[in-house]
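Residues per chain are reported as follows:
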Amino acid sequence: MKKTLRPILLVGTLLLAGVVAAFVVARWVNGGELRQLVSDRVGMTFLMIVIGLLLLALVYVLLRNLVKLLVERRREVLGSRFRTKLVVSFLILCFIPSVALFYAATTIIAKAIEGLFTPTVEDLTGLSQEVVYAYNGRRQADALHFAGEIAREMTGRRLLEPPENAALDSFAHSWLSAYRLDYMAIFDREGAPVVLAGNLSRGKDRLGRSELATLLKPAIEAALRGKESSRIDRLQSGHLVSGVAPIHTQFGAEPVAGAAAGGYYLGEEIAAKTARIAQIVQQYKQEKAYRRETKRVYIAFFLLLTVLMLFSAIWLGLYLARQITVPIQKLAEGTREIAAGNLDFRVEAEAGDEIGVLIHSFNEMTADLQRKEHQLEERRRYIETLLENVPAGVISLDPDGRITTLNRAAYRLLGLEAGREIRGKPLAEAFSDAALGPLVEMLRDTAGAEGIRATRELTLAAGGRTVNLACIVSNFRGGQNGRSLGALVVLEDLTLLIRAQKSAAWREAARRIAHEIKNPLTPIRLSAERVLKRFRESSPDFTKVLEEGTATIIAEVGSLKAMVDEFSRFARIPPVSPAPNDPKTVVESALSLYDGTRPGFQFVRDFDASPVSALIDPEQMKRALINLIDNAIEVMGQGGTITISTRHLAERGVLRIDVSDDGPGIPPEDRGRLFLPYFSTKRRGTGLGLSIVDRIVSDHAGTIRAEDNDPHGTRFIIEIPCAGEPHAR
Amino acid sequence: MNHRALHLQVCFLVLFVAGGVARAQEPRLPANIRGLSVNYKNGSLLVSFRVEGAFSPPVLEKLASASAVKFVHKIRVVRRRGLFGRTLDQKTVETTARYDNLTRQYALDRAVDGTSVESRTTDSDAEMRRFMTEVHDLPVGDRETLSGEEHILVKVRSEYEDTWLLFLFPWTYHAEGEKAVDIKP
Chain W
1 MKKTLRPILL VGTLLLAGVV AAFVVARWVN GGELRQLVSD RVGMTFLMIV
51 IGLLLLALVY VLLRNLVKLL VERRREVLGS RFRTKLVVSF LILCFIPSVA
101 LFYAATTIIA KAIEGLFTPT VEDLTGLSQE VVYAYNGRRQ ADALHFAGEI
151 AREMTGRRLL EPPENAALDS FAHSWLSAYR LDYMAIFDRE GAPVVLAGNL
201 SRGKDRLGRS ELATLLKPAI EAALRGKESS RIDRLQSGHL VSGVAPIHTQ
251 FGAEPVAGAA AGGYYLGEEI AAKTARIAQI VQQYKQEKAY RRETKRVYIA
301 FFLLLTVLML FSAIWLGLYL ARQITVPIQK LAEGTREIAA GNLDFRVEAE
351 AGDEIGVLIH SFNEMTADLQ RKEHQLEERR RYIETLLENV PAGVISLDPD
401 GRITTLNRAA YRLLGLEAGR EIRGKPLAEA FSDAALGPLV EMLRDTAGAE
451 GIRATRELTL AAGGRTVNLA CIVSNFRGGQ NGRSLGALVV LEDLTLLIRA
501 QKSAAWREAA RRIAHEIKNP LTPIRLSAER VLKRFRESSP DFTKVLEEGT
551 ATIIAEVGSL KAMVDEFSRF ARIPPVSPAP NDPKTVVESA LSLYDGTRPG
601 FQFVRDFDAS PVSALIDPEQ MKRALINLID NAIEVMGQGG TITISTRHLA
651 ERGVLRIDVS DDGPGIPPED RGRLFLPYFS TKRRGTGLGL SIVDRIVSDH
701 AGTIRAEDND PHGTRFIIEI PCAGEPHAR
Chain S
1 MNHRALHLQV CFLVLFVAGG VARAQEPRLP ANIRGLSVNY KNGSLLVSFR
51 VEGAFSPPVL EKLASASAVK FVHKIRVVRR RGLFGRTLDQ KTVETTARYD
101 NLTRQYALDR AVDGTSVESR TTDSDAEMRR FMTEVHDLPV GDRETLSGEE
151 HILVKVRSEY EDTWLLFLFP WTYHAEGEKA VDIKP
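Residue numbers (my numbering), protein chains in the order written: chain W, 1 to 729; chain S, 1 to 185.
None of these hints come from the bench; they were simulated from the model. Please read all numbers here as calculations on a predicted model, not as lab measurements. Watch out, some of these pointers could steer you wrong.
[Unchecked claim] Label-pair restraints from in silico Cβ distances: (1) S:Gly53 with W:Val71: 48 to 54 angstroms; (2) S:His136 with W:Val131: 38 to 44 angstroms; (3) W:His173 with S:Asp137: 44 to 50 angstroms; (4) S:Gly53 with W:Val131: 50 to 56 angstroms; (5) S:Gly53 with W:Gly12: 37 to 43 angstroms.
[To be verified] A few chain S residues facing chain W, derived, Cβ under 8 angstroms: (6) Pro57; (7) Lys62; (8) Ser65; (9) Ala66; (10) Ser67; (11) Asn101; (12) Ala107; (13) Leu108; (14) Ser116; (15) Arg120; (16) Ser124; (17) Asp125; (18) Trp171.
Quick reminder that beta carbons are idealized off the backbone N, C-alpha and C, glycines included.
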């Protein structure tokens with residue numbers, strides 16, 4: 001048998017038994033059999049046992065479910081609270097009316113039963129019985145009186161002794177008519193009938209001597225003991241009222257010689273009425289005597305109905321609650337499984353209503369999730385493959401600075417062992433190699449900072465080789481509160497590029513140096529050849545030629561020396577020491593050198609009104625600015641306007657310094673090489689000025705670029721970090 | 001919680017409560033056995049006693065309503081040895097009275113072990129009471145059942161009124177008495 005079927009069968013059996021018991025009791029009540037039932041000890045016991053067992057079973061089932069409910073509630077089983085609420089609600093809704101109904105019904109029944117036994121009814125039945133008793137008593141008294149008279153006459157006449165006894169029969173008949181009796185009988189000393197006068201065979205009754213002797217035996221025995229008595233005996237259709245008196249002896253040894261009996265036959269008409277009265281009185285008294293038992297049956301009946309109602313309410317509550325909570329439990333189990341990652345789980349619960357719709361939707365949602373997860377997984381693999389195969393190194397960090405992604409290129413660029421597990425480790429632990437110190441330092445400075453997208457070139461001697469990397473750090477923010485989601489670091493290998501650039505730069509430098517050296521060498525050679533020729537010719541202007549040639553040689557050698565000094569200065573640029581400084585002071589100190597010294601030139605100052613402090617090495621920055629101003633002056637030649645402005649770009653945390661002129665500007669094809677060493681558009685330029693500027697700015701962790709000025713000229717833009725502010729390039 | 005354990009606990013709880021209430025409502029016994037005498041004669045015990053206080057108001061009310069009223073007198077002869085005596089013989093005397101409110105007579109009947117031994121009518125209330133409550137020289141046991149016994153106990157239990165406890169449990173008011181007898185052959 002199914003486990004779920006057992007309680008249903010049990011409940012069904014109990015309910016059926018209760019209904020049958022109620023039906024049987026109702027039939028007894030309606031059929032008037034209740035009175036017989038309550039006086040039947042065995043039947044009542046059986047009925048009470050049945051009702052008691054039903055009650056016990058119902059109470060057991062109720063208690064079991066309630067206790068189970070409480071235990072589940074204490075253990076906080078999902079749905080137990082709802083089930084408890086539903087059952088308690090049903091119980092309260094049913095309990096109050098049921099108990100009220102039970103109380104009212106039992107009270108009404110009790111009052112109705114007690115109402116049967118009012119003083120009026122009591123008097124009526126009592127008086128009816130008294131009337132019967134009075135009537136019968138009168139008859140009994142008459143019968144006893146005449147029996148006594150007959151007995152005394154028989155004693156006086158010695159009618160029981162021979163020879164007088166021969167005429168006893170005629171005496172009997174004469175007494176019968178004289179006393180107007182219905183019968184008259186004489187019994188001897190042994191109690192045997194001697195004479196019977198009168199007709200006692202009336203209606204259905206047939207009484208002869210022997211039957212009469214048997215009927216009156218107790219009275220006859222009493223009379224033979226000298227005691228007279230009267231009595232009424234029920235016959236088949238009538239009643240016999242008798243009086244029996246002892247017949248005493250006059251001189252015998254025995255005091256009693258026999259017994260005389262006489263009486264009346266009450267016909268069916270009167271007997272039936274008196275018997276009916278007696279029966280009614282008897283029924284009344286029995287009802288009264290058994291009223292408690294009758295009440296008990298009714299109370300038990302109503303109790304049974306009440307418990308049945310309560311039981312039905314609780315069971316219905318439990319059933320309905322189970323219909324709701326079981327699918328909800330399954331759903332909760334499903335959510336737990338899905339939360340644990342088991343997307344194959346499907347809720348299987350029988351529910352055809354809205355809960356069923358919910359379960360169906362849940363299963364569809366799970367299938368959809370499973371499908372999407374599959375797609376996400378494929379996309380993740382695709383992205384991982386891409387990451388693994390891109391030439392740039394990619395590193396991602398979580399908000400706590402732990403590495404979450406490190407692609408193959410990053411392993412290679414950073415000289416990490418291929419099989420080493422890096423993911424999940426903190427930055428310092430993952431990149432514990434001292435060679436990676438600059439990278440760690442940069443990431444510490446920039447990763448996680450708000451609004452940073454930093455780019456820096458790093459040279460790392462990792463894995464037994466030196467690599468030049470362009471390191472780009474991007475911090476990500478998201479979510480409703482804009483919290484940090486981590487950082488993405490892209491490492492671009494610049495080693496070959498820089499090597500190529502250096503090679504090109506050196507080639508250019510060699511060409512320029514050769515060119516620059518070659519330029520003074522030609523006049524030197526020509527001067528020397530001219531002096532030699534004039535000397536061989538013993539030319540009269542030898543002295544003059546010698547002086548001119550020597551002067552030329554000395555000038556060109558001076559030029560060579562100046563060029564060599566410039567190279568030396570380039571090579572000897574001291575390291576930059578940035579510190580918080582007021583940029584206006586630095587700019588002002590550079591411009592002050594030109595005030596009043598360059599006629600035709602105008603120097604315009606356009607400083608940001610807000611006070612700002614930038615990380616500046618004042619001497620180096622001043623040198624860079626002087627280089628830019630010198631370039632501008634040289635380009636403009638006779639005069640022009642040179643503007644220097646400062647702007648605090650707070651959103652990026654940088655200070656911007658613009659040096660602009662209104663000169664001829666820079667051709668677009670030269671802009672890409674402006675900051676390369678030894679690149680110059682000037683005939684006599686070394687090509688180191690802007691290289692020095694670029695190096696100084698880079699050493700300030702800043703950038704420099706050249707743009708067209710509006711309406712004409714060139715604008716050099718320097719951006720360097722502000723002190724105490726996170727910055728992004 | 002284990003289901004079987006839960007079943008047992010609830011069952012015990014229900015029975016405990018029901019039993020406790022029933023026990024708490026058990027009435028006292030107003031009737032008593034008087035004059036219990038046992039005579040050993042001719043190898044048999046002749047037991048006599050009477051019950052006093054058996055005619056309680058409910059009994060009298062039932063009697064007056066012409067319902068049959070039955071008293072059951074159970075006489076047991078028990079061996080007086082050890083903690084639990086062994087029943088050697090027992091007799092059950094049932095006395096029944098039914099009042100006829102037309103003839104105003106009691107129909108009396110006495111049966112011993114289910115066999116009617118006496119039936120009569122009387123209009124005497126006192127005679128009816130004696131008939132119902134007195135047992136005279138009832139022979140219990142015989143030579144065979146009493147052979148070898150020296151110390152015996154005669155126990156009498158007279159049940160005179162049926163009632164109900166908690167509307168459910170049938171209960172019989174009764175009186176009990178006993179007498180120890182030493183048999184000396």
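Here's how the hints hold up against the structure:
Look at Gly53 (chain S) against Val71 (chain W): about 52 angstroms separates their beta carbons, and that is inside 48 to 54 angstroms. Range check, His136 (chain S) to Val131 (chain W): Cβ separation about 40 angstroms, and the 38 to 44 angstroms hint holds. One distance hint, 44 to 50 angstroms for the beta-carbon pair His173 (chain W) and Asp137 (chain S), holds here, with the actual separation near 48 angstroms. Remark: the range hint 50 to 56 angstroms for Gly53 (chain S) to Val131 (chain W) is contradicted by a beta-carbon distance near 35 angstroms.
At about 50 angstroms, the CB distance of Gly53 (chain S) to Gly12 (chain W) disagrees with the hint of 37 to 43 angstroms. For Pro57 (chain S), the suggested interface contact is broken, since its CB lies about 10 angstroms from the closest CB of chain W, more than 8 angstroms. Proximity of Lys62 (chain S) to chain W holds as hinted, the smallest CB-CB distance being about 5 angstroms (cut-off 8 angstroms). Proximity of Ser65 (chain S) to chain W holds as hinted, the smallest CB-CB distance being about 3 angstroms (cut-off 8 angstroms).
Annotation: interface hint on Ala66 (chain S) holds; nearest CB of chain W at approximately 4 angstroms, less than 8 angstroms. Because the closest C-beta pair between Ser67 (chain S) and chain W is about 6 angstroms apart, less than 8 angstroms, the hint holds. Hint status for Asn101 (chain S): holds, given a least beta-carbon distance of 5 angstroms to chain W, under 8 angstroms. Below 8 angstroms, beta-carbon pairs count as interface contacts, and Ala107 (chain S) has none with chain W, the closest being about 11 angstroms; its hint is therefore violated.
With a least beta-carbon distance of about 11 angstroms to chain W, the hint placing Leu108 (chain S) at the interface is violated under the 8 angstroms criterion. The interface hint given for Ser116 (chain S) is broken, as the beta carbon of that residue sits about 17 angstroms from the closest beta carbon of chain W, more than 8 angstroms. Interface restraint check: Arg120 (chain S) against chain W, minimum CB-CB distance 7 angstroms, threshold 8 angstroms, status holds. Interface hint status for Ser124 (chain S): violated, as the beta-carbon distance to the closest one in chain W is roughly 10 angstroms, over 8 angstroms.
Checking Asp125 (chain S) against chain W by beta carbon gives a least distance of about 15 angstroms; that is not within 8 angstroms, so the hint is violated. At about 10 angstroms, the closest approach between the beta carbon of Trp171 (chain S) and any beta carbon in chain W exceeds 8 angstroms, and the interface hint on this residue is violated.
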